[in-house]
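Chemist: Sequences listed follow chains A and B, in order.
One rule links them: number in this note's numbering = place in the first sequence (from 1) + 2.
Take the second sequence: its letter number 51 is residue 43 in this note's numbering, and every next letter is one higher.
Hints were generated in silico from the structure; no laboratory data involved.
Please read all numbers here as calculations on a predicted model, not as lab measurements.
Heads up, some of the hints might be wrong.
Here are the simulated lysine to any residue pairs, SDA-like style, with alpha carbons at most 20 Å apart [said to hold, decoys possible]:
#, chain 1, residue 1, chain 2, residue 2
1, A, Lys102, B, Arg22
2, A, Lys51, B, Arg65
3, A, Lys107, A, Asn26
4, A, Lys102, B, Gln9
5, A, Lys107, A, Glu17
Covered stretches of chain A (in silico footprint by chain B; criterion: 3 or more residues with CB under 8 Å from a CB of chain B, positions within the stretch not fixed) [what the hints assert, rightly or not]:
#, stretch
6, 31 to 44
7, 79 to 89
Cβ coordinates follow ideal geometry from the N, Cα and C atoms, glycine included.
The lines below spell out each chain.
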Amino acid sequence: AQSVTQLGSHVSVSEGALVLLRCNYSSSVPPYLFWYVQYPNQGLQLLLKYTTGATLVKGINGFEAEFKKSETSFHLTKPSAHMSDAAEYFCAVSRGSNYKLTFGKGTLLTVNP
Amino acid sequence: KAGVTQTPRYLIKTRGQQVTLSCSPISGHRSVSWYQQTPGQGLQFLFEYFSETQRNKGNFPGRFSGRQFSNSRSEMNVSTLELGDSALYLCASSLALPWEQYFGPGTRLTVT
Chain A
3 AQSVTQLGSH
13 VSVSEGALVL
23 LRCNYSSSVP
33 PYLFWYVQYP
43 NQGLQLLLKY
53 TTGATLVKGI
63 NGFEAEFKKS
73 ETSFHLTKPS
83 AHMSDAAEYF
93 CAVSRGSNYK
103 LTFGKGTLLT
113 VNP
Chain B
-7 KAGVTQTPRY
3 LIKTRGQQVT
13 LSCSPISGHR
23 SVSWYQQTPG
33 QGLQFLFEYF
43 SETQRNKGNF
53 PGRFSGRQFS
63 NSRSEMNVST
73 LELGDSALYL
83 CASSLALPWE
93 QYFGPGTRLT
103 VT
């Protein structure tokens, strides 16, 4: 079985500060890992994904994440937060060719002016 | 290219009724997955269809069912609605790669 733990249900940062959202996973097989963002009253938008290859993954809107197998982590970072980054972020894992995504509980990011 | 569309966007039903939600995938996409999102349980996988066949199913009671048509459009049905079924129901479509799923805006179901 797979699971995802997102540390911190709510993270608050100042505009221009580093954004760090934490995600740890458990998987019995090599995982595919994802970060999604959800704005109010909208669906989920894929920020970035790790499938195979390079462990540092760059996504849209300046976000990146690093797959660390030894730590079973896939933390999301952005060097400088913008007001428009305020949203809820979900980490997810899937098993290879399986289309089922297992999501974490989400982290609500607030950006203060 | 149009994105994933879901209809209706909002729905209010009474306990005991049944409801059908619709999802139109991106043109050419053959896989459609459904998820339930609630504040308490978060995002949970319901089922996935590919070429009219259910390939994967989550841990939901039999009151939740779905189907996919030959044009890849999908519907999900919930019978005998309970208050706990109030949720945002999201569908996602994919061309052929499980790591490239595109989500629709969701249908907000409220059961009173």
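Chemist: Which earlier hints can't be squared with this structure?
Modeler: 2, 4, 5, 7
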